[in-house]
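Number of protein chains: 2
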Amino acid sequence: MSELIAFQQPDQAVIERRPAIIADLAELLPEGCLITEERELVPFDTDAFVSYRRMPLAVVLPETTAQVAAVLKYCNDNAIPVIPRGAGTSLSGGAIPQEDAVVIGVSKMNRILEVDLPNRAAIVQAGVTNISISQAVDADGFFYAPDPSSQLACTIGGNIGMNSGGAHCLKYGVTTNNLMGVKMVMFDGSIVEIGGKALDAAGYDLLGLICGSEGQLGIVTEATVRLIAKPEGARPVLFGFESSVAAGACVTDIIGAGIIPVAIEFMDKPAIEICEAFAQAGYPMDVEALLIVEVEGSEAEMDAMLERIIEIARKHGVKTIKESQSATEAALIWKGRKSAFGATGRIADYICMDGTVPLGQLSHVLEKTSEIIDRYGLRVANVFHAGDGNMHPLILFDANDPEESLKAEMAGNDILKLCVDAGGCLTGEHGVGIEKRDLMRHQYSDVDLAQQMRVRAAFDPKWILNPSKVFPLDGRNGSQPGNQTVPETGKTAA
Amino acid sequence: MSELIAFQQPDQAVIERRPAIIADLAELLPEGCLITEERELVPFDTDAFVSYRRMPLAVVLPETTAQVAAVLKYCNDNAIPVIPRGAGTSLSGGAIPQEDAVVIGVSKMNRILEVDLPNRAAIVQAGVTNISISQAVDADGFFYAPDPSSQLACTIGGNIGMNSGGAHCLKYGVTTNNLMGVKMVMFDGSIVEIGGKALDAAGYDLLGLICGSEGQLGIVTEATVRLIAKPEGARPVLFGFESSVAAGACVTDIIGAGIIPVAIEFMDKPAIEICEAFAQAGYPMDVEALLIVEVEGSEAEMDAMLERIIEIARKHGVKTIKESQSATEAALIWKGRKSAFGATGRIADYICMDGTVPLGQLSHVLEKTSEIIDRYGLRVANVFHAGDGNMHPLILFDANDPEESLKAEMAGNDILKLCVDAGGCLTGEHGVGIEKRDLMRHQYSDVDLAQQMRVRAAFDPKWILNPSKVFPLDGRNGSQPGNQTVPETGKTAA
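Just so you know, the sequences run in chain order A and B. Quick note on numbering: the first sequence equals residues 1 to 494 in our numbering. Quick note on numbering: the second sequence equals residues 495 to 988 in our numbering.
Pulled out of the complex, with its shape left as it was, chain A reads as follows (with noise of 0.2 angstroms):
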């Protein structure tokens, strides 16, 4: 990869200190819970973002808040920076370590604390993986559902700081909507408790502020989440168009028909062909665009929204309707969908975007894509959730051509940069992490992200917490960890 995104240089003076620090930790954690050897480090030198290998001081992996909370107690007297990091399966290079970093993961956190069915709701440690909730209640015919297409893996505790959605986030919303409450260490050891299994909370609405924060507002180590009664059935339907602008035209027309299916995910043609050839999905290879909608509920539900969507699908030209018959289909469809990414990686180098826009927009972005793409002489897959205007752009190049690789970024960043023009944003799902950092500029005004800073600094006035993520690092933020000047209230630039 080209090194389009500036790393910030570590801190000397903390790497210089090393021994000292490991020493220290140590004392705070039982056995087994230090890793601080380079070969046992190797796997959390970076995340899924993978485009940039940093080595940190230590890996701390806690059993209790309690131990969450001595280790950020102790960083933050000691201005050692902190990552938190769930299973490091971030798009976006949340979980992206640096050289004087202590890592603190939840892996160990990893128990179901109670399951509370009349209140739908259950209480996990932020190590759960996000399956694991859904597997827990799904004889009582519930489940959690936010589904991230990692989350075999990805946990609970990523979930929140990414704000993490899925395909089936169109109906049931992102994590935001199906979390009630957490418990979160702050950066001074202190532990606070936010929201519940009631309705709302009294004072600000904290809960919807550490949702999406990315890592930078406290460590959260439990968190309360939403249950929902699995539907009564649900199918699968395809449907073909002879283009991408008639197939996201359709979307269009559904959603703003108010029609809010359970999932509409896109494919376009070239990632049929790459999802068809791993999965045998049972895909219509003769169509240059593909849409999953999902009904779900009874038969008669079922039939009747399938009825006024097929109705909308005619008046595009669709060319292919093909129902799911069976469960088994039902799941081939979904696995098909599901390892885009996967089956991508095996052709080719990819990255993935993850912009955003307004429903109304999404043809017109889709063919801007095409021409930004075309313009580089790249390659592009596109395979999304078009329901709720969250795009997901492959781009295919060569790692090992440096000018491909920059080629790569640059298009990419075009292509984000034309979500926010289309009065969309940067991140759907993904998150900004260091990916799109740089690119905060053009989404927000220097009031926007003076004001943003600051509420960072109301809760981490050190910088510790994730620092190199979200904001610019450079002009007035400094351009090394700890130098981020934050703008003083009533000192922001009109």
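Just so you know, the hints here were simulated from the structure itself, not pulled from any lab data. A quick note: this is a predicted structure, and the numbers were derived from the prediction, not measured. No false leads were slipped in.
Below, in silico cross-link-like pairs of lysine to any residue (SDA-like), each with a Cα-Cα straight-line distance of 25 angstroms or less:
#, chain 1, residue 1, chain 2, residue 2
1, A, Lys315, A, Ser363
2, B, Lys665, B, Glu801
3, B, Lys665, B, Gly750
4, A, Lys171, B, Asp634
5, B, Lys956, A, Asp446
6, A, Lys171, B, Ile617
7, A, Lys315, B, Ala633
8, A, Lys73, B, Arg948
9, B, Lys809, A, Gly141
10, B, Lys816, B, Glu726
11, B, Lys724, A, Ala300
12, A, Lys407, A, Leu439
13, B, Lys809, A, Ala229
14, B, Lys665, A, Gly181
15, A, Lys269, A, Ala348
16, A, Lys230, A, Gly173
17, A, Lys108, A, Asp138
18, B, Lys809, A, Pro231
19, B, Lys602, B, Ala520
20, A, Lys171, B, Arg802
21, B, Lys665, A, Val115
22, A, Lys73, B, Val941
23, A, Lys230, B, Glu805
24, A, Lys230, B, Arg802
25, B, Lys956, A, Ser445
26, B, Lys809, A, Ser298
27, B, Lys911, A, Glu193
28, B, Lys567, B, Leu555
29, B, Lys724, A, Glu232
30, B, Lys665, B, Ala728
31, A, Lys230, B, Glu801
Once you've looked at the hints, dock chain B against the given chain A.
The following block gives chain B in isolation, referenced to the frame of chain A:
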């Protein structure tokens, strides 16, 4: 009313500068936007909480965001408290002014700026009434979901300030779930735009933080709200029970089974009698408690959901089941429920509590509420949003009897503490305002409150925005406006 709630002493220095301040404000505003005559200020000296009255220094009614910005910057520069005001329908005293304050009302900013059906969004000014959004899109088959009982009068600006709910929020969520973006004036007159028509936003979720922040983080002047397609049909059904405990347990079991109707409203015997006498809604009079359960969708969908609900109700010994047979009958059922507060006001003085509890605690809290009311020798009518655990005990008393007034306030406090102790919270939709400010200590630890106050200080460093609300005045927060000592970061008590 007794004065259980201590009022801040106004800043005499500000009051003495009154003529100069009025002259300065006149410079910033066009003709007809500044109110300073005492008799014209009277309508602004309280809100629907009514218990307290204070005459503000002046009321400004700007016509544009730029005028709001000019006034807010002036007040911040001169350390003058500012009270943002929608329609003054707050039930927690959120819009009650203080003698040294300038009220900024949004009533002249009452235009719907854009209806964008393909993106299911409307952009409205903050002074638009809640109902007028639904009216504007009704013919197109859409509506705006949150429906406070005051929806004919209350403004979107006020709804955002208090994160307002309503009977139909069980299915569709409260204001924060239906708000997509805001234009907001910051303390220093800078103008920010947060969110918009696309899903999610990069960086922190400031939109969620703003919603429900009771006018303390800025003044919202425009909002982008979500539009929802009207259902094919809707049918309220009355379920009569022999006890409040049975009705409460029935609600717990409906929601615990994962069934989410549009609304589940609860009325006890006194509430039924009061509402029926006022609205002749056809409520059964031979039961101790009534649930209004509304289902929606096609006839088949409604029948299917009702069948499951009736089965659960039978387990709890339901005595009467009555389905509305026509649109007129349905409207009458809702008229009875929505007039509960007004109808109660005709027979007695009352204060309305707004605690929220986990659903599994409904019956327990109803029983304990009864005990508290008996202990004080008062009467209570319970009429509330049972489906999301948002309780509204109306405590009846004689406002001309100082002892009974005090008892009513003390009983109210005991009930809210009961809600918190049951795992719930002080407010579901009315906000903390001035009413529940001192009870925040029962809900939150010092660490929690300190963190909320640090967030506030990041948005309003001089504490000029709605300064006497939300946070307790006593102890570490000082007892004078402007004297609140925000805990410095790093020094919170454990």
